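Spelled out from the first residue to the last, the chains are:
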Amino acid sequence: MLCYRKLMQQTIHSKQKPVSLASLVGDLTIFLLATAGTYFAQSLDRPITSVLIYLTGVILIGARSGVKKGIVAAIGASSIYNFFLSAPAFGFGVSTADEIVPLLAFNISAIVTAAVAGRTRDSAMSATLAEAKNATLLNISDRLQQAVEVAEVLEIARQTLTPYGVTHLEIHVRREGQLYDIEMAGQPVNALNALLKSRSDNGGRLSVKTCEMVGTHGDLGFVKFIFTEAMSAGGKLLDLQAVTNLLALAIDRCMLLDALSEARALQKSEQLKSAILSSVSHDLRTPLTAISAAASSLRSYEKSLSPAQKEQMLATISEQCTKLNRYTANLLDMGRIQAGISASGFEEIDVVEILGVVLSHVRQSFPKQPIRKEIASGETLVCANGVMLEQVIFNIIENSIIHGGGQSEVLISLRAEDGFCVLEVTDSGPGITRADQADIFRRFFRSESQVARGGSGLGLYIAKGFVDAFGGSLEVVSPVKDGAGTAMIVRIPLAASMPTGAPK
Amino acid sequence: MNILIVDDEPAIIAALKPVLGGQGYVLFTADCAKSALEMSRKHPIDLVLLDLGLPDADGIDIIGKLKEYSDPTVIILSARHLEKDKVRALDEGADDYINKPFGIEELLARLRAAQRRKRLAGKSEASKFVSDQLHVDFPTRQVRLMGQEVKLSPKEFSLLEVLCRNAGQVVTQRKLLIAGWNDPAADSQYLRSYIALLRQKLEYDPSEPEHILTEPGVGYRLSVSHKLKEM
Chain A
1 MLCYRKLMQQ TIHSKQKPVS LASLVGDLTI FLLATAGTYF AQSLDRPITS
51 VLIYLTGVIL IGARSGVKKG IVAAIGASSI YNFFLSAPAF GFGVSTADEI
101 VPLLAFNISA IVTAAVAGRT RDSAMSATLA EAKNATLLNI SDRLQQAVEV
151 AEVLEIARQT LTPYGVTHLE IHVRREGQLY DIEMAGQPVN ALNALLKSRS
201 DNGGRLSVKT CEMVGTHGDL GFVKFIFTEA MSAGGKLLDL QAVTNLLALA
251 IDRCMLLDAL SEARALQKSE QLKSAILSSV SHDLRTPLTA ISAAASSLRS
301 YEKSLSPAQK EQMLATISEQ CTKLNRYTAN LLDMGRIQAG ISASGFEEID
351 VVEILGVVLS HVRQSFPKQP IRKEIASGET LVCANGVMLE QVIFNIIENS
401 IIHGGGQSEV LISLRAEDGF CVLEVTDSGP GITRADQADI FRRFFRSESQ
451 VARGGSGLGL YIAKGFVDAF GGSLEVVSPV KDGAGTAMIV RIPLAASMPT
501 GAPK
Chain B
505 MNILIVDDEP AIIAALKPVL GGQGYVLFTA DCAKSALEMS RKHPIDLVLL
555 DLGLPDADGI DIIGKLKEYS DPTVIILSAR HLEKDKVRAL DEGADDYINK
605 PFGIEELLAR LRAAQRRKRL AGKSEASKFV SDQLHVDFPT RQVRLMGQEV
655 KLSPKEFSLL EVLCRNAGQV VTQRKLLIAG WNDPAADSQY LRSYIALLRQ
705 KLEYDPSEPE HILTEPGVGY RLSVSHKLKE M
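Protein chains in written order, with my numbering: chain A, 1 to 504; chain B, 505 to 735.
No lab work stands behind these hints, which were simulated from the structure alone. These figures come from a predicted structure and were not determined experimentally. Heads up, the beta-carbon is just placed ideally off N, CA and C, and yes, glycines get one too. Fair warning: there could be bad hints in the mix.
To be verified - Computed beta-carbon distance windows for the label pairs:
no. : chain 1 : residue 1 : chain 2 : residue 2 : range
1   : A       : S377      : B       : A689      : 27 to 33 Å
2   : B       : E610      : A       : K368      : 20 to 26 Å
3   : A       : L331      : B       : P522      : 29 to 35 Å
Unchecked claim - Examples of chain B residues lying across from chain A (beta carbon under 8 Å, computed):
no. : residue
4   : N506
5   : P605
6   : S631
7   : R696
8   : P713
As the list claims (entries may be wrong) - When the alpha-carbon atoms are kept at most 30 Å apart in a straight line, the in silico DSBU-like pairs for lysine-lysine are as follows:
no. : chain 1 : residue 1 : chain 2 : residue 2
9   : A       : K373      : B       : K655
10  : A       : K273      : B       : K604
11  : B       : K588      : B       : K569
12  : B       : K538      : B       : K569
13  : B       : K679      : B       : K705
14  : A       : K323      : B       : K604
15  : B       : K604      : B       : K622
16  : A       : K133      : A       : K68
17  : B       : K679      : B       : K569
18  : B       : K604      : A       : K310
19  : B       : K679      : B       : K571
20  : B       : K622      : B       : K571
21  : A       : K323      : B       : K521
22  : B       : K705      : A       : K368
23  : B       : K659      : B       : K588
24  : B       : K546      : B       : K632
25  : B       : K679      : B       : K659
26  : B       : K679      : B       : K604
27  : A       : K481      : A       : K373
28  : B       : K604      : A       : K368
29  : B       : K546      : B       : K622
30  : A       : K323      : B       : K588
31  : B       : K632      : B       : K622
32  : B       : K659      : B       : K705
33  : A       : K323      : A       : K368
34  : B       : K588      : B       : K622
35  : A       : K373      : B       : K705
36  : A       : K310      : B       : K521
37  : A       : K303      : B       : K521
38  : B       : K538      : B       : K604
39  : B       : K569      : B       : K546
40  : B       : K569      : B       : K604
Produce the entire structure from the sequences given, and follow the hints as far as they go.
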């Protein structure tokens with residue numbers, strides 16, 4: 001395409017000089033040379049040679065400079081020949097019939113050859129012009145292919161058309177019955193105003209042409225070209241209607257792409273919704289089934305059940321309710337993360353204090369779980385939301401206990417390090433495979449090998465979402481040592497190291 | 505004690521009725537703000553269990569009116585993550601809150617704490633707080649932990665006193681700041697430091713406190729899980 005562009009620019013430059021002085025001088029030179037040759041031949045009494053020389057000159061001029069100049073040359077030559085050269089010299093008189101025939105023949109053939117040569121030259125010119133026009137359109141079309149958004153179409157069209165003298169370009173697109181200026185997205189514009197007014201009317205010698213765009217679904221709006229006089233005079237190079245058609249095509253394509261990506265996003269959110277629904281229905285139904293079975297057994301078979309069995313069933317109901325509660329809380333938290341968490345509700349809180357709250361819940365939920373703590377003295381104030389931080393720490397510890405393998409010890413260490421409060425929860429379980437490590441913070445992710453252990457697949461997603469909102473990070477290290485164990489490391493910036501003073 | 509349960513969910517009322525009735529409480533119920541106000545005007549209510557999401561009004565907005573008639577203790581029933589609502593309700597005059605869903609033991613403990621506080625408020629200022637581990641004498645400012653005397657600074661003592669006088673109930677940061685610094689806008693950093701000092705002196709493991717519990721986003725609560733004796 002590059003060569004086309006080069007060709008185009010060359011053509012434009014030559015077209016921009018309307019009448020070339022050089023070619024006029026050339027024509028005159030040929031004419032004078034032919035006249036001199038004719039005069040010389042005539043003086044040697046060679047009338048046929050002289051006529052042929054003159055004729056050659058006229059043909060050359062016609063071929064070089066077109067029909068008009070060819071005819072001018074032909075008439076000039078026949079007049080000069082008749083007046084100066086043929087007998088009687090310095091008069092138009094013709095003495096014999098013998099002299100009339102060659103003279104007439106000369107005049108007629110000079111004019112006809114000039115006309116023919118000129119027309120050949122002109123049609124060659126217009127063929128070149130047509131080729132250049134096509135090249136222009138190809139170039140524009142080629143560039144427009146790259147556009148993905150409607151705004152890009154305008155940008156590319158401007159870049160491409162500027163060399164042709166188009167100083168300004170406006171595209172008004174019709175969407176749902178309203179007209180929008182691409183550059184002023186959002187507000188619809190009044191069609192009449194858009195047609196009449198031009199934002200670049202700066203009093204210069206500019207012409208305006210408006211072309212309608214037609215797309216696959218009918219009226220697509222219109223394009224307004226504002227161009228210099230030079231362009232409107234010299235360059236018939238740009239076929240504005242053809243350019244408009246190309247723009248319409250590109251805009252149509254962009255709008256279709258838009259609709260397509262919207263449809264894809266919708267599909268994605270539908271997929272997410274159905275993932276949520278299937279997870280919700282599974283995770284709600286499992287505890288509900290247990291509750292329902294236990295409660296109905298207690299009602300129907302109360303008399304045949306031993307006190308220990310009854311106690312067992314009541315405990316099941318209670319446990320499953322706790323599970324349901326935690327699950328709904330997770331779903332709510334997921335909603336909060338999706339809606340975006342504002343830092344405006346954050347305050348200075350001490351991670352040690354929240355850890356204490358969490359540990360008392362953990363000991364209730366997992367009374368047999370051995371836990372070791374390593375709490376370094378020092379600053380552990382962070383800027384966060386207490387309830388959310390509680391959820392983060394609980395989810396991480398719960399995850400380590402559930403996936404840590406049996407009753408092995410969970411180590412919780414808390415310290416300040418490089419401006420961060422660092423909470424590390426380490427288990428001695430089988431560890432997390434490298435492939436799974438990338439996924440554990442994803443919504444509804446449950447490792448293949450761990451599915452049986454339950455869990456909603458939301459705990460770590462929520463922990464990460466909240467920690468991110470606090471400006472911190474949550475990462476996983478596995479294995480910790482000897483090919484086993486997993487460490488979850490939370491880092492939250494210390495309130496003292498926050499750039500703008502935390503709220504007091 | 506007369507208890508008014510305000511909740512638009514009949515299942516919750518149905519579940520609470522037998523147990524609370526069995527504990528000797530007299531129950532009244534209302535399913536909307538309008539009927540709650542009507543009930544509290546007609547009957548001498550001692551305690552209101554108030555759900556915040558009522559069909560005809562925000563529960564927080566009727567706390568003041570509920571308190572007009574017989575000055576009942578108001579306990580808010582609220583979702584866990586709505587700590588802003590809790591603080592607002594407590595500022596509006598509510599005495600305590602309990603997260604939904606709750607266990608019946610937790611609810612009964614709150615009711616007992618409210619009842620005890622109400623009984624003490626009826627008498628002249630209580631002079632002592634006694635649990636099986638903690639013994640606090642207000643006039644002499646003496647504190648004993650499992651029989652051992654604990655030395656507290658004046659500020660530590662005033663904070664502990666507020667917590668003890670509201671034992672079992674949440675005390676907002678704001679109330680503690682007023683008690684300790686006479687200024688609700690004081691830096692909460694001071695409060696945290698003094699609570700940490702108190703825990704150093706009173707808790708077996710300050711990082712897992714058993715007496716002075718943190719209520720994230722709201723304040724502190726003195727635990728009364730141990731059997732209480734009042735004087």
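Going through the hints against the structure:
Checked against the given bound of 27 to 33 Å, the beta carbons of A:S377 and B:A689, roughly 29 Å apart, stay inside it. At about 22 Å, the CB distance of B:E610 to A:K368 agrees with the hint of 20 to 26 Å. Hint check: A:L331 to B:P522, Cβ distance near 31 Å, so the stated range 29 to 35 Å holds. Hint on B:N506 is violated. Least Cβ distance to chain A is approximately 29 Å, over the 8 Å limit.
At a threshold of 8 Å, the smallest CB-CB gap from B:P605 to chain A is about 5 Å, leaving the interface hint in force. Annotation: interface hint on B:S631 violated; nearest CB of chain A at approximately 31 Å, more than 8 Å. Interface hint status for B:R696: upheld, as the beta-carbon distance to the closest one in chain A is roughly 6 Å, under 8 Å. Taking 8 Å as the C-beta contact cut-off toward chain A, the hint placing B:P713 at the interface holds, the least distance being around 6 Å.
A hinted pair counts as satisfied when its Cα atoms are at most 30 Å apart, and A:K373 with B:K655 qualifies at roughly 28 Å. Between A:K273 and B:K604 the alpha-carbon distance is near 26 Å, which keeps this suggested pair within the 30 Å criterion. Distance hint between B:K588 and B:K569 is fulfilled; the C-alpha atoms sit about 21 Å from each other, no more than 30 Å. Distance restraint check for B:K538 and B:K569: the Cα-Cα separation of roughly 11 Å lies within the 30 Å cut-off, and the hinted pair is therefore satisfied.
Taking the CA atoms of B:K679 and B:K705, the gap is near 22 Å; set against the 30 Å cutoff, the hint holds. Under the criterion of a C-alpha separation no larger than 30 Å, the hint pairing A:K323 with B:K604 is consistent with the structure, at around 14 Å. Between B:K604 and B:K622, the direct Cα distance comes to roughly 24 Å. Compliance with the 30 Å bound is thereby established for this hinted pair. Distance check on the hinted pair: A:K133 and A:K68 sit about 25 Å apart at the alpha-carbon level, within 30 Å; holds.
With a C-alpha separation of about 22 Å, the suggested pairing of B:K679 with B:K569 holds against the 30 Å cut-off. The suggested pairing of B:K604 with A:K310 holds, with an alpha-carbon distance near 26 Å, which does not exceed 30 Å. Between B:K679 and B:K571, the direct Cα distance comes to roughly 19 Å. Compliance with the 30 Å bound is thereby established for this hinted pair. The suggested pairing of B:K622 with B:K571 holds, with an alpha-carbon distance near 14 Å, which does not exceed 30 Å.
Between the alpha carbons of A:K323 and B:K521 the distance comes to roughly 25 Å, so the proposed pair stays at or under 30 Å and holds. Using a Cα cut-off of 30 Å, the hinted pair B:K705 and A:K368 holds, with the two alpha carbons roughly 28 Å apart. Our distance criterion of 30 Å between C-alpha atoms is met by B:K659 and B:K588, whose separation comes to about 27 Å. With a C-alpha separation of about 36 Å, the suggested pairing of B:K546 with B:K632 is violated against the 30 Å cut-off.
The hinted pair formed by B:K679 and B:K659 meets the criterion: a straight-line CA distance of about 14 Å does not exceed 30 Å. About 24 Å separates the Cα atoms of B:K679 and B:K604, which keeps this hinted pair within 30 Å; it holds. Taken as a hint, the A:K481 and A:K373 pair is honoured in the structure, with Cα atoms around 19 Å apart against an allowance of 30 Å. At most 30 Å may separate the alpha-carbon atoms for a hinted pair to count; B:K604 and A:K368 meet this at roughly 26 Å.
Taken as a hint, the B:K546 and B:K622 pair is honoured in the structure, with Cα atoms around 21 Å apart against an allowance of 30 Å. Taking the CA atoms of A:K323 and B:K588, the gap is about 25 Å. The hint holds against a cut of 30 Å. As the CA atoms of B:K632 and B:K622 are separated by approximately 15 Å, the hinted pair is consistent with the 30 Å bound. Distance hint between B:K659 and B:K705 is fulfilled; the C-alpha atoms sit about 14 Å from each other, no more than 30 Å.
Note on A:K323 and A:K368: the hinted pairing holds, with a Cα-Cα distance of about 18 Å set against a maximum of 30 Å. For the hint pairing B:K588 with B:K622, the CA-to-CA distance comes to about 26 Å; that is within 30 Å, so the pair holds. Taken as a hint, the A:K373 and B:K705 pair is honoured in the structure, with Cα atoms around 20 Å apart against an allowance of 30 Å. Of the supplied pair hints, the one linking A:K310 and B:K521 holds, its CA atoms being roughly 22 Å apart against a limit of 30 Å.
Between A:K303 and B:K521, the direct Cα distance comes to roughly 25 Å. Compliance with the 30 Å bound is thereby established for this hinted pair. Our distance criterion of 30 Å between C-alpha atoms is met by B:K538 and B:K604, whose separation comes to about 23 Å. Distance hint between B:K569 and B:K546 is fulfilled; the C-alpha atoms sit about 13 Å from each other, no more than 30 Å. For the hint pairing B:K569 with B:K604, the CA-to-CA distance comes to about 24 Å; that is within 30 Å, so the pair holds.
Going down the numbered hints, you'll see the structure goes against 4, 6 and 24, while the others check out.
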